[in-house]
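Using the sequences and the accompanying hints, generate a full structural model.
Each protein sequence line maps, in turn, to chains A and B.
Just so we're aligned: the first sequence equals residues 1 to 379 in my numbering.
Just so we're aligned: the second sequence equals residues 1 to 379 in my numbering.
Derived by calculation from the structure, the hints in this document are not laboratory data.
Bear in mind the structure is a predicted one, so any value in this text is a computation, not a measurement.
Cβ atoms here follow ideal geometry from the backbone N, Cα and C, with glycine treated the same way.
Treat each hint with caution, since some may be false.
[What the hints assert, rightly or not] Per the computed footprint, the stretches of chain A lying under chain B, defined by three or more beta-carbons under 8 Å from a beta-carbon of chain B, are:
id, segment
1, 34 to 47
2, 56 to 68
3, 219 to 232
Chain residues, written in single-letter form:
There are 2 protein chains.
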Amino acid sequence: MKRTKIIDIFSPELIGTEVSVMGWVRTRRGNKHVQFLAINDGSTIKNLQVVIDMAKFTDDDLRGVTTGSSVHVTGRLVESMGKGQTCEVQAETLKLFGTADPETYPLQKKGHTLEFLREKAHLRPRTNTFGAILRVRSTLAFAIHKFFNDRGFVYAHPPIITCSDCEGAGEMFHLTNLNIAEPPRTQEGEVDYSQDFFGKRANLTVSGQLNAENFAMAFGDVYTFGPTFRAENSNTQRHAAEFWMIEPEMAFCDLAGDMDVAEAMIKHIIRTVVEKCPQEMAFFNSFVDKGLMERLEHVASSDFGRVSYTEAVELLKKNNDKFDYKVEWGCDRLSGTGQLHRGNQNGHFDCGASGTGNPAARFYPCQQSGCLYGDHQQQ
Amino acid sequence: MKRTKIIDIFSPELIGTEVSVMGWVRTRRGNKHVQFLAINDGSTIKNLQVVIDMAKFTDDDLRGVTTGSSVHVTGRLVESMGKGQTCEVQAETLKLFGTADPETYPLQKKGHTLEFLREKAHLRPRTNTFGAILRVRSTLAFAIHKFFNDRGFVYAHPPIITCSDCEGAGEMFHLTNLNIAEPPRTQEGEVDYSQDFFGKRANLTVSGQLNAENFAMAFGDVYTFGPTFRAENSNTQRHAAEFWMIEPEMAFCDLAGDMDVAEAMIKHIIRTVVEKCPQEMAFFNSFVDKGLMERLEHVASSDFGRVSYTEAVELLKKNNDKFDYKVEWGCDRLSGTGQLHRGNQNGHFDCGASGTGNPAARFYPCQQSGCLYGDHQQQ
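Encoded structure:
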């Protein structure tokens with residue numbers, strides 16, 4: 001019998017049929033007459049209830065079926081009487097694939113803090129929160145690729161290892177295959193990088209932009225989407241050592257066209273994730289961020305505000321008494337300290353906004369107020 | 001007037017309309033009465049011919065319009081009398097965006113060797129060959145994402161920087177932000193990596209498999225698709241220092257299911273690239289590999305052969321006189337030296353084949369005979 005993924009099992013036409021499901025046991029409960037398993041196979045945040053009539057099974061059959069173990073169940077899918085679930089499987093066969101020692105398996109039924117799960121990186125994808133985050137991340141990644149692919153953008157893969165040093169060596173990770181304990185030396189006593197793997201000093205890229213710009217000068221519309229590295233010794237949310245970054249570059253495009261693409265992309269990925277991950281987004285909306293869905297719907301259905309740099313500075317200066325870093329014409333990161341969000345609370349932009357006009361001003365995403373985006377440079 | 005990309009311009013309904021096109025000049029020729037530009041905007045390998053009636057333009061208007069320069073042309077799209085092209089633009093306006101000095105611009109009309117283009121990495125995407133390669137690569141990348149996304153695989157992004165050392169330190173790139181000229185030392189005189197960025201020695205990943213397996217134990221079906229690194233000091237086609245790798249991992253799947261997915265993926269990406277990149281594939285078929293299209297069609301429409309390791313060894317041993325590295329039961333890379341291809345010439349597998357049965361045998365892609373794939377390990 002062909003296996004059915006749990007995400008596909010909650011469809012009315014399967015009711016009454018024999019199904020074959022595989023997954024990990026989230027919980028087991030019951031009594032000597034009937035046992036209930038909640039199993040999850042990672043295809044959805046929802047668990048499937050399996051009902052085990054102990055008249056058909058022995059205690060031996062269920063030995064080792066504990067939280068974290070993996071099982072194969074076949075049986076009839078029936079409508080469920082239990083609240084919060086539409087159907088359940090009445091087990092005919094049950095096979096144990098792998099066990100999880102109840103004494104040591106860390107993910108028992110109780111809730112876990114994010115700090116605890118931080119130390120269980122190999123298991124946390126099995127939790128509701130990380131499972132939802134990672135399925136949403138995957139859905140977002142595909143939505144981004146689809147957005148650019150549908151518009152004829154060429155996906156470029158700039159090299160990660162580079163000998164370019166475009167943003168200052170202090171921020172880059174250095175790569176070497178020399179013996180650091182005793183590196184080879186030149187006659188002058190310097191480290192002799194000519195003996196290193198690439199014959200010179202190499203780094204991890206801090207940006208694919210240089211390559212993407214070359215590609216744009218050949219293909220017109222291109223984008224990168226890959227890992228990027230910063231060796232800034234600063235432990236904040238803004239300074240990850242390794243992160244995935246999207247860098248679109250467009251030839252024959254002006255700033256208005258650039259903002260059109262950015263706005264369309266934000267709306268596209270919001271609509272996609274709401275459509276493709278309804279259970280995960282409902283979970284976040286209930287347990288992580290109560291206004292999430294309403295805010296996303298609003299951003300996806302609104303025209304983004306557009307503001308010149310000078311206008312933005314004027315708007316923000318009115319709130320300078322609330323800011324740690326005062327705003328004035330010339331400062332280059334308006335949202336770096338949250339000003340645009342706090343400025344927004346005066347009602348100027350209830351959705352997204354993007355900026356124009358300053359040669360070097362950067363408008364960064366601002367979670368609370370929707371989205372502000374870009375790294376616009378005047379042309 | 002809205003710009004039309006050149007890939008969209010060769011459609012019958014645009015004939016007779018005014019169009020706006022932007023691109024780079026590939027060639028310019030003509031006389032004092034009429035000038036012809038071939039322009040390309042990277043959206044397709046095809047150039048668009050622009051006809052410039054010199055009764056409407058002055059020599060000054062065309063100053064700087066040379067190979068490599070970028071232009072904006074508006075005018076009427078008409079059917080073309082020229083052979084090999086369906087339509088052309090009769091220029092009404094011409095604006096020069098950027099110039100390319102004919103004395104120094106390297107990509108003049110003559111053909112260039114790959115060796116020459118190797119030194120012009122920033123410009124070679126503008127050539128027919130690299131343009132086609134990179135558009136096909138982009139199309140393949142999206143086809144791979146779509147294949148896995150459509151099947152509910154979660155796209156995992158394993159870390160590139162890792163402190164795991166799973167395949168032997170000799171093959172890994174080492175990362176450090178210590179001062180290599182004078183690294184900090186422990187009391188014992190060893191390099192003190194506790195003072196390095198991550199507080200210990202870090203490397204670039206040689207495989208996302210370890211993480212992908214954890215993910216598979218939570219999501220069932222997952223894949224990775226990102227850059228991977230090998231510091232093998234071996235300058236062959238098989239040993240790139242940096243390459244993008246796809247690593248699918250499936251829980252609750254057997255080897256037959258694994259081979260089904262691999263075969264379906266190969267066929268999917270072949271069909272996609274043939275459908276989405278017809279011009280590029282025709283170019284490769286004409287100028288790079290004359291049997292390409294026929295071979296791809298054959299692979300996409302055939303059932304792949306499947307062979308046990310023992311059977312493969314038996315088949316190959318018959319050709320041991322042709323092999324540099326003799327085949328015998330126990331050797332782990334059957335295609336590493338091209339044996340499977342040469343064995344295939346005896347007609348055993350005219351399409352793809354995948355292997356089963358040996359605990360550690362790897363079947364690698366073999367371009368000439370279609371495809372052999374996988375890194376199957378008996379379960």
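Hints, verified against the model:
Counting residues of the segment 34 to 47 of chain A whose beta carbon lies closer than 8 Å to any beta carbon of chain B gives 3, which meets the minimum of three for the stated coverage. Closer than 8 Å: that is the beta-carbon criterion, and the segment 56 to 68 of chain A has 0 residues meeting it against chain B, so the requirement of 3 is violated. Coverage of a stretch by a chain is defined here by at least three residues with a beta carbon nearer than 8 Å to that chain's beta carbons; for the segment 219 to 232 of chain A and chain B the count is 7, and the condition holds.
Of the hints listed earlier, the one the structure fails to meet is number 2.
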